[in-house]
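Chains A and B are the protein sequences, given in the same order.
Under our numbering, the residue at position 31 of the first sequence is numbered 31, and the numbers go up by one with no gaps.
Under our numbering, the residue at position 11 of the second sequence is numbered 11, and the numbers go up by one with no gaps.
Heads up, a few of these hints could be off.
[To be verified] Mimicking SDA-like on lysine to any residue, the simulated pairs with C-alpha atoms at most 20 angstroms apart in a straight line are: (1) Lys141(A) with Ala296(B); (2) Lys258(B) with Tyr162(A); (3) Lys141(A) with Arg236(A); (4) Lys141(A) with Ala295(B); (5) Lys258(B) with Gly167(A); (6) Lys141(A) with Ala130(A); (7) Lys302(B) with Leu343(A); (8) Lys302(B) with Asn84(A); (9) Lys141(A) with Ala283(B); (10) Lys302(B) with Leu227(A); (11) Lys141(A) with Ala234(B); (12) Lys302(B) with Leu86(B); (13) Lys141(A) with Ala277(B); (14) Lys159(B) with Phe148(B); (15) Lys258(B) with Ala12(B); (16) Lys159(B) with Ala149(B); (17) Lys141(A) with Ser241(A); (18) Lys258(B) with Arg166(A); (19) Lys141(A) with Arg244(A); (20) Lys141(A) with Leu276(B); (21) Lys302(B) with Ser231(A); (22) Lys258(B) with Thr211(B); (23) Lys258(B) with Tyr163(A); (24) Lys141(A) with Pro232(A); (25) Lys302(B) with Leu230(A); (26) Lys302(B) with Ala234(A); (27) Lys258(B) with Phe11(B); (28) Lys302(B) with Pro7(A); (29) Lys302(B) with Ser340(A); (30) Lys258(B) with Ile10(B); (31) Lys302(B) with Tyr81(B).
If you're looking for bench data, these hints aren't it; they were derived computationally from the structure.
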Amino acid sequence: MSLRLEPRLQPSRLMLFASPLAAVVATLIVGGVVFTLLGYDGFGAVRQIFLAPLTNINRWQDLLVKAAPLAIIAIGLSIGFRANVWNIGAEGQYVVGGLAGTGIALATLDLSGAWILPAMVLGGIVGGMAYAAVPAFLRVKLGVNEILSSLMLNYVAIQLLYYLMRGPWRDPMGFGFPQTAMFSLDQTLPIIVPRTLIHLGIPLALALALAVWFVMARTVAGFQVRLMGLSPQAARYGGFSENRIVWLCLLAGGGLAGLAGILEAAGPFGQMVPSFPTGYGFTAIIVAFLGRLHPVGIVLASLVLALTYVGGESAQTAIGLPSAAIGVFQAMLLFFLLASDILIRYRLARGGRDAGGAKAGAGASRSGEAAV
Amino acid sequence: MSPEFAVAIIFAVVMSSTPILIAALGELVVEKSGVLNLGVEGMMLIGAVTGFIVTVSTGSPWLGALAALAAGAAVSMIFGYLTLTLTANQVATGLALTIFGTGVSALLGASFVGVTTSTLGPVFPRALAADPIWRVLFGYSPLVYLSFALTLAVWWFLKHSRAGLVLRAVGESDSSAYSIGYPVLFVRYMAVLFGGALAGLAGAFYSLVLTPMWAERLTSGRGWIAIALVVFAAWRPGRLLLGAYLFGAVITLELQAKAAGWSGLAPEFLTSLPYLATILVLALISGRRLSARTAAPACLGKPFRAAA
Numbered sequence: 001m002s003l004r005l006e007p008r009l010q011p012s013r014l015m016l017f018a019s020p021l022a023a024v025v026a027t028l029i030v031g032g033v034v035f036t037l038l039g040y041d042g043f044g045a046v047r048q049i050f051l052a053p054l055t056n057i058n059r060w061q062d063l064l065v066k067a068a069p070l071a072i073i074a075i076g077l078s079i080g081f082r083a084n085v086w087n088i089g090a091e092g093q094y095v096v097g098g099l100a101g102t103g104i105a106l107a108t109l110d111l112s113g114a115w116i117l118p119a120m121v122l123g124g125i126v127g128g129m130a131y132a133a134v135p136a137f138l139r140v141k142l143g144v145n146e147i148l149s150s151l152m153l154n155y156v157a158i159q160l161l162y163y164l165m166r167g168p169w170r171d172p173m174g175f176g177f178p179q180t181a182m183f184s185l186d187q188t189l190p191i192i193v194p195r196t197l198i199h200l201g202i203p204l205a206l207a208l209a210l211a212v213w214f215v216m217a218r219t220v221a222g223f224q225v226r227l228m229g230l231s232p233q234a235a236r237y238g239g240f241s242e243n244r245i246v247w248l249c250l251l252a253g254g255g256l257a258g259l260a261g262i263l264e265a266a267g268p269f270g271q272m273v274p275s276f277p278t279g280y281g282f283t284a285i286i287v288a289f290l291g292r293l294h295p296v297g298i299v300l301a302s303l304v305l306a307l308t309y310v311g312g313e314s315a316q317t318a319i320g321l322p323s324a325a326i327g328v329f330q331a332m333l334l335f336f337l338l339a340s341d342i343l344i345r346y347r348l349a350r351g352g353r354d355a356g357g358a359k360a361g362a363g364a365s366r367s368g369e370a371a372v
Numbered sequence: 001m002s003p004e005f006a007v008a009i010i011f012a013v014v015m016s017s018t019p020i021l022i023a024a025l026g027e028l029v030v031e032k033s034g035v036l037n038l039g040v041e042g043m044m045l046i047g048a049v050t051g052f053i054v055t056v057s058t059g060s061p062w063l064g065a066l067a068a069l070a071a072g073a074a075v076s077m078i079f080g081y082l083t084l085t086l087t088a089n090q091v092a093t094g095l096a097l098t099i100f101g102t103g104v105s106a107l108l109g110a111s112f113v114g115v116t117t118s119t120l121g122p123v124f125p126r127a128l129a130a131d132p133i134w135r136v137l138f139g140y141s142p143l144v145y146l147s148f149a150l151t152l153a154v155w156w157f158l159k160h161s162r163a164g165l166v167l168r169a170v171g172e173s174d175s176s177a178y179s180i181g182y183p184v185l186f187v188r189y190m191a192v193l194f195g196g197a198l199a200g201l202a203g204a205f206y207s208l209v210l211t212p213m214w215a216e217r218l219t220s221g222r223g224w225i226a227i228a229l230v231v232f233a234a235w236r237p238g239r240l241l242l243g244a245y246l247f248g249a250v251i252t253l254e255l256q257a258k259a260a261g262w263s264g265l266a267p268e269f270l271t272s273l274p275y276l277a278t279i280l281v282l283a284l285i286s287g288r289r290l291s292a293r294t295a296a297p298a299c300l301g302k303p304f305r306a307a308a
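Just need the whole structure built from these sequences, with the hints factored in.
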């Protein structure tokens, strides 16, 4: 008696929601075992990373602070992923957005006024969009694969950051450290809950999730994006311009990544530093998938991934777990999610015909990529 | 330019081209079978760290290279199982593999940072390998000669062997290949395994030949350049060799300019050069008649499942 996979007539709604949970649980168990085998206190690590931040109320604000940029970037990426536009360059767009906003901050360092922060935020969004426009242009005009071009630009963005920190933008009063001047009060993101770290970016992330959910579910543009992902032929037949959708997806993704960049610079960082690239652009890809490419799901998923950062830090001090362990847990989470996704389209059945016997049927089917 | 200097430059180009060529040859075969594995960077890092650890522990760089090969193949099977058996999205799974490889290699290598080891150096007699002129032919690691042999072998395999024909058929039309009885999934598993092994070996070239040491993210994005190279080469081994050496030249230019301390150019700009060159090259070839889109295997990136 063996288990085999049987196609479902309808994709399972239950599994659509259950598989992210299953992936989290599997990561906890297998992660614990693997890290024990590697010679660490594996289940201690799991406790520190995934439970300790939840049981300590003081750490909740850290979770929100880490989750906000992840959610904002992932919401932007999810728009593209729905249309099979693979923007892997969010890390670079996040850095360039942060840099663009910082440029405005450095130019207005001696000025005051309520307009400065909005100008910086706008600069961040435009900077991210401009950086994402490069792969969009290359794909639309020359057919260059956006995965590769956007990815290469990540490396370039980080070098641009290093260059600006080392040279033109270095704070002359910074004791030789390669970093910019501290932002002024008018250039800093306001704290909305007194005596906490909870800044304006957190409600903004929630508002964005609702806005994008509305656009994707209720507007023609959202419908076009979804249709392009589900059936490019149908989209073309319907007269939708593939090029316009590619532009829309990349600019939305870049703009939101840039927004997250400037919110981080003007919020938790309060200046621009060489350690600004935090890998959020890559982690946000996992957030987008774990959240099922749905804005509300993404908000929840961003909290789960924020746990790995907050808990990962305490696991470093508490049990000496190296920081690289966070990436391993994050990747395992994505592996398990992708693995359990097959249960949306197939169900487990016992025994019966063995797959080899079906060969004579000579049929082959291709499962839709849209169900990712 | 003195002959010694010319030799030094050629030597440097060959050294920086080889790992990209090896990794790209693996990915070429994978993509010819219709599978897009974006995990090359992750598999390279696993190979680099495994090769280094085994070499330090056994003292034999040959065993190290072999272990790197095996480790790259082993992690590629995570990708293979998820995308081939469970039909998971190939783009997402490949990315996950790179994140995984980056983390796991950093974890495994943590206690080996700063350690030195024996290298997989020249195979020819010392007199030839160390000669300022003759080393342009005889001064390389065996992996360099292997990379040429591999290019030839992959070319012959794809163009003239029966198995290569089946592999290409699977990549061009998986359902027709399946209906005339070819084992689509088996062929793709083998291709993914081969790609993983070569990526692992390419990683070991960094930790056992080029640097030779272990540091986090040692391969610094060269795995992605290898993937871009396959597109550049329009899935042909000959052009792949040419492309790899083009990139080796760009990387050498970067290193030489830094060493010479060119004041006109920021070092950060020089570091960006290979990535900018990749984008430029992709843009240039994509506009041509033999565009990347028409040369790509028709089933590239699409999941396949035999109807039950």
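Hints, verified against the model:
1. A threshold of 20 angstroms between alpha carbons decides the hint, and for Lys141(A) with Ala296(B) the separation of about 18 angstroms falls inside it, so the pair holds.
2. In summary, the hint linking Lys258(B) to Tyr162(A) is supported, as the alpha carbons are separated by about 16 angstroms, within the 20 angstroms threshold.
3. For the given pair, Lys141(A) sits about 18 angstroms from Arg236(A) by alpha-carbon distance, which is consistent with the 20 angstroms threshold.
4. A threshold of 20 angstroms between alpha carbons decides the hint, and for Lys141(A) with Ala295(B) the separation of about 18 angstroms falls inside it, so the pair holds.
5. As the CA atoms of Lys258(B) and Gly167(A) are separated by approximately 17 angstroms, the hinted pair is consistent with the 20 angstroms bound.
6. For the hint pairing Lys141(A) with Ala130(A), the CA-to-CA distance comes to about 16 angstroms; that is within 20 angstroms, so the pair holds.
7. Among the hinted pairs, Lys302(B) with Leu343(A) is consistent with the structure: their alpha-carbon atoms are about 18 angstroms apart, no more than 20 angstroms.
8. With a CA separation close to 12 angstroms, the supplied pair Lys302(B) and Asn84(A) stays within the 20 angstroms bound.
9. The straight-line distance between the Cα atoms of Lys141(A) and Ala283(B) is roughly 9 angstroms, inside the 20 angstroms bound, and the hint therefore holds.
10. At most 20 angstroms may separate the alpha-carbon atoms for a hinted pair to count; Lys302(B) and Leu227(A) meet this at roughly 18 angstroms.
11. Annotation: proposed proximity of Lys141(A) to Ala234(B) holds, straight-line Cα distance about 19 angstroms (limit 20 angstroms).
12. At roughly 13 angstroms between alpha-carbon atoms, Lys302(B) and Leu86(B) fall within 20 angstroms of each other, so this suggested pair holds.
13. Proposed proximity of Lys141(A) and Ala277(B) is supported: the alpha carbons are some 18 angstroms apart, at most 20 angstroms.
14. Distance hint between Lys159(B) and Phe148(B) is fulfilled; the C-alpha atoms sit about 17 angstroms from each other, no more than 20 angstroms.
15. At roughly 14 angstroms between alpha-carbon atoms, Lys258(B) and Ala12(B) fall within 20 angstroms of each other, so this suggested pair holds.
16. Proximity of Lys159(B) to Ala149(B) is assessed by CA-CA distance (about 15 angstroms); at most 20 angstroms being required, the pair is judged to hold.
17. With a CA separation close to 13 angstroms, the supplied pair Lys141(A) and Ser241(A) stays within the 20 angstroms bound.
18. A threshold of 20 angstroms between alpha carbons decides the hint, and for Lys258(B) with Arg166(A) the separation of about 16 angstroms falls inside it, so the pair holds.
19. Between Lys141(A) and Arg244(A), the direct Cα distance comes to roughly 12 angstroms. Compliance with the 20 angstroms bound is thereby established for this hinted pair.
20. Between Lys141(A) and Leu276(B), the direct Cα distance comes to roughly 18 angstroms. Compliance with the 20 angstroms bound is thereby established for this hinted pair.
21. The straight-line distance between the Cα atoms of Lys302(B) and Ser231(A) is roughly 14 angstroms, inside the 20 angstroms bound, and the hint therefore holds.
22. The suggested pairing of Lys258(B) with Thr211(B) holds, with an alpha-carbon distance near 17 angstroms, which does not exceed 20 angstroms.
23. Pair hint Lys258(B) plus Tyr163(A) holds up; C-alpha atoms about 15 angstroms apart against a cutoff of 20 angstroms.
24. Distance check on the hinted pair: Lys141(A) and Pro232(A) sit about 18 angstroms apart at the alpha-carbon level, within 20 angstroms; holds.
25. Taken as a hint, the Lys302(B) and Leu230(A) pair is honoured in the structure, with Cα atoms around 14 angstroms apart against an allowance of 20 angstroms.
26. For the given pair, Lys302(B) sits about 18 angstroms from Ala234(A) by alpha-carbon distance, which is consistent with the 20 angstroms threshold.
27. Using a Cα cut-off of 20 angstroms, the hinted pair Lys258(B) and Phe11(B) holds, with the two alpha carbons roughly 17 angstroms apart.
28. For a cut-off of 20 angstroms, the pair hint linking Lys302(B) to Pro7(A) stands: about 18 angstroms separates their Cα positions.
29. Of the pairs offered as hints, the one joining Lys302(B) and Ser340(A) holds, with about 18 angstroms between alpha carbons and a cut-off of 20 angstroms not exceeded.
30. About 17 angstroms separates the Cα atoms of Lys258(B) and Ile10(B), which keeps this hinted pair within 20 angstroms; it holds.
31. Taking the CA atoms of Lys302(B) and Tyr81(B), the gap is about 15 angstroms. The hint holds against a cut of 20 angstroms.
Every hint from the earlier list agrees with this structure, and none is contradicted.
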